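Peer 1: Same order as they appear, the protein sequences are chains A, B, C and D.
The first sequence runs 1 to 296 under the working numbering.
The second sequence runs 297 to 592 under the working numbering.
The third sequence runs 593 to 888 under the working numbering.
The fourth sequence runs 889 to 1184 under the working numbering.
Simulated from the structure, these hints should not be mistaken for lab results.
Straight-line Cα separation of at most 30 Å, DSS-like style, residue types lysine-lysine; simulated pairs:
| # | chain 1 | residue 1 | chain 2 | residue 2 |
| --- | --- | --- | --- | --- |
| 1 | C | Lys880 | C | Lys801 |
| 2 | C | Lys804 | D | Lys1002 |
| 3 | D | Lys1128 | D | Lys1093 |
| 4 | C | Lys819 | C | Lys802 |
| 5 | C | Lys802 | D | Lys1019 |
| 6 | B | Lys410 | A | Lys212 |
| 7 | B | Lys360 | A | Lys240 |
| 8 | C | Lys723 | A | Lys240 |
| 9 | C | Lys801 | D | Lys1006 |
| 10 | D | Lys1115 | C | Lys723 |
| 11 | D | Lys1098 | C | Lys674 |
| 12 | B | Lys586 | B | Lys536 |
| 13 | C | Lys821 | D | Lys1019 |
| 14 | B | Lys584 | B | Lys378 |
| 15 | A | Lys215 | B | Lys378 |
| 16 | B | Lys523 | C | Lys832 |
| 17 | C | Lys804 | D | Lys969 |
| 18 | A | Lys240 | D | Lys1115 |
| 19 | C | Lys832 | D | Lys1019 |
Note that the structure is predicted; figures quoted are calculated from it, not measured.
There are 4 protein chains.
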Amino acid sequence: MEINGVVIDDTYAEAFPAWISELIITAANRYLAQEAAEHATGFASSVIGGGVEAGIDRYLSPRKSPDGRPGCMVLMAHPDKKLLQDQIIQRIAECVLTAPTTAIFNGLPNATEKIPVKLHFFGDGYEYRTKVGDRTVWAIPIMGGEFIIEEQIGCIEGIAGGNFLIMGTDQMSTLTAAQAAVEVVNELEGAATSFPGGVTGSGSKIGSKKYKFMKASTNDAFCPTIKQKNPNSLVPDGVKAIFEIVIDGISEEAVKQAMADGIRAACRMIGVTHISAGHYGGTLGPYKFKLHEILS
Amino acid sequence: MEINGVVIDDTYAEAFPAWISELIITAANRYLAQEAAEHATGFASSVIGGGVEAGIDRYLSPRKSPDGRPGCMVLMAHPDKKLLQDQIIQRIAECVLTAPTTAIFNGLPNATEKIPVKLHFFGDGYEYRTKVGDRTVWAIPIMGGEFIIEEQIGCIEGIAGGNFLIMGTDQMSTLTAAQAAVEVVNELEGAATSFPGGVTGSGSKIGSKKYKFMKASTNDAFCPTIKQKNPNSLVPDGVKAIFEIVIDGISEEAVKQAMADGIRAACRMIGVTHISAGHYGGTLGPYKFKLHEILS
Amino acid sequence: MEINGVVIDDTYAEAFPAWISELIITAANRYLAQEAAEHATGFASSVIGGGVEAGIDRYLSPRKSPDGRPGCMVLMAHPDKKLLQDQIIQRIAECVLTAPTTAIFNGLPNATEKIPVKLHFFGDGYEYRTKVGDRTVWAIPIMGGEFIIEEQIGCIEGIAGGNFLIMGTDQMSTLTAAQAAVEVVNELEGAATSFPGGVTGSGSKIGSKKYKFMKASTNDAFCPTIKQKNPNSLVPDGVKAIFEIVIDGISEEAVKQAMADGIRAACRMIGVTHISAGHYGGTLGPYKFKLHEILS
Amino acid sequence: MEINGVVIDDTYAEAFPAWISELIITAANRYLAQEAAEHATGFASSVIGGGVEAGIDRYLSPRKSPDGRPGCMVLMAHPDKKLLQDQIIQRIAECVLTAPTTAIFNGLPNATEKIPVKLHFFGDGYEYRTKVGDRTVWAIPIMGGEFIIEEQIGCIEGIAGGNFLIMGTDQMSTLTAAQAAVEVVNELEGAATSFPGGVTGSGSKIGSKKYKFMKASTNDAFCPTIKQKNPNSLVPDGVKAIFEIVIDGISEEAVKQAMADGIRAACRMIGVTHISAGHYGGTLGPYKFKLHEILS
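Between the sequences and the hints, there should be enough to build the whole structure, so can you do that?
Peer 2: See below:
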């Protein structure tokens, strides 16, 4: 299969079930909302290292946010609902409550499962209930004014680990194609990327061939600079750089669309020669997103 | 004491000793360097909540970075050197190694204490030693090319918790003044702020008067919206918003200069009426930065 | 009439007919597209001073642009079609052809009037016709690669000068509300603002009372700082700052929607007390956008 | 001559004398200052097309600006002092006076030549003289508050047209190197670039071989995509993209340093193979910046 001359490998992305929450962070202007959202989704590339996978799903204009201020829809994912709750509470407390002029709203109001945040106790008795539109919220007095928070955050069974690999003739062209794919994922609803800037150039394999104490090491089969010395190399001829985009989403459909539209965006950029995907023989999870299927 | 008509309270900021490391993160362009640095310093407002206090000390142009690429000097602080090491390793592994085109260099080459990162094992035997200028580094093959890392990161005994409070007549003017102060701190060497955007509007006190199970709660004495109902309020008349800037630095001198220049910047902005500082009767730490002294 | 407690004056915005073109500027990434679009719409606040009114209508993701790369829809307006053509040609030649990796496409493909750009002669005979999707374009060899341009730019009879005034209790809050309104206008299709950042704090009246040689001078009736000494002041009590948003659009409907949604956004922000609009007794133009009508 | 393996052509950049002014634009925050400065320097790539060459020389932190607010030093250049004055007045009136919260100060206070702006007449008699530090300024009442302006802008005999060419193996790597060079120029004092983002990929030659009515056409000798069919091609083997950086500066020394440091920055980036410079047999101007001399 080819798209614009780019070879699409006949393979699949392996993904796993995860609990997904979405929070809306609003602020007095777009910069303040983004600063808080970036802080709250920082150090959150992977569940193992950062405690959660988190990313900005999409920007919300004042027309689309609950309180009429600029906002960001933030997606957080974890296979364990209790650990997801811990991270949501910690990250709101550390990164959003502390940020200037922010408020928090439930980004999945239709979800039947809810994660209680209970941050209103921070108000030490001065907090009070009020309304923003038809949403009941707490208003908590703080130094900068009042912090508004809707304390039940929706939570659903979604998917983590959707992914694809973009391969190309040189580092900067391939990265530019990956960034175009991220722009598309950031526009779609219900999907987010958790790596810095949405792209990673450093995939890993489980364990290590040489250093037995390492739990993970570089995905040497896909490292272009060692193609010649690595008998197991899977790097196609002419490929000098490979970048991966990992996608978490609220449903199979959301992940599929983000993968398909992201791949199509990458295939229109110059220097891209191959698209592939990461899978681990079922050890990572039960979902299989077959590239040829989702792109047909 | 007054500066441009702004009252400077006769008080002091209480701060505590902390181990400080500085890392240089470079990348192919300024956006990529900043994205990695922001990810690495996200969720790091306070040691208790985020495991470390981290912020971007300053931007480095290609003329000033070790490999001639745009970079960010990132400061991380923790009272416990072992826990600082853990955080540095985790945050490099999750947020910098994974980010496209990045490299890591020691930001405190003259420090005698070193934190070993040992990320080269990730190369699974394909890594090799090389030189960037006069620095010995590891080159680790990754999907996107090679990750360059200087694996001994300098570490010194510095200071965390330098701070000041900016009080003003309305929320947005006071916040604008706080942002001017942050611009100044970001320009100075050896000091950084760890809150989102460098400013917090949500200070806390230890414990809670009403909810005994809370370890911390809103700093009600400085909450303007409850001034009338709170007999302990310390909010000056006319003050409608208070923002705090917390500064970590590599030395007393660096913290002092950042506080003094930051306060002076805030005092030139409209709407600012009072400057104060946070202290806790010595329970937080032994350092006292007296406002009148550092501003004279 | 009131919205969220904000008084909406019973008045109207006076606007005038103008020829409107829309260009799509794409580039290898979002920053490059925005840099070119900002340069092309710089020095273009008003027809008299800058030769044209120009602004970025909206951002286009790779999914929505003709060549699958990030792009900006740029709107340009002038009452005189020939002068609009001159400006479009000059601004493409100076600001887009010169910018790295850019391409130009017609943003109004359904418009029956076309403005010919004829920039392909720049190729000195090396240019050639090709296709991007179903669009016929010229490919012009340049130092950086090839410049792609669709040389017929659509042009329609639209409207310039739609506007509203946002009045509030202090400068920064009122400006923050104005910026929220601009975010909304930037999200809507077919409307753009031409002032820097979309907001102006410096409206003018025709002529001058004191200096007869001046063609225009400050709109003193709406200057808060001279309310006390100006017997003609129209500044409501308590208002300390007034910002104006001026909107050009491809149709009455587009201008109406941008005004209505922009005003609603402003009315949800703190510190805003009054909304009004600018009119000039019919000397500026025949269109009247009555605030109470468009908001009902 | 080689730097890091990059061939430095034994050639020179030809430049011409120009009157140079520098304005300081400050605003309530960095974004507002940059928006105004970008608007004021938009559509200003070349004297012929945009009426002036203009660019942001450097960012000024609150510590370094006359009124203690974030600012931008803006450089404007024109061979004719009267036409430079016209452009400065028009661009301040259209792009800075209209932008929210801005002020204007003289960026060359030691220059003996002055350009009078006389914008205070806009105040219609309500303007008054006041002081910012030791600078005498006008305060002009406007809708958003007051516009502060120092009305004598310094002007000196400087240089326009300093330049160099960066050649490399692919478009995005070569562009990335050019952007690193621009970062360096933006850090240095007294020099600025006038093209969008500081880089151009579309150089021109005088006249046209094929179309006699064209005053300028593509610099075909340096167009990589037509190397095979153009007998006059000067594109080195293996070069796939060429980007140019054009520098205006307040003195020979400022242009030399910007060229030298910019070239050195470009030579450290991957994919760059050759550096050259543009000259026109003395028809453009009398200054010759020899690459080997300025880099030794």
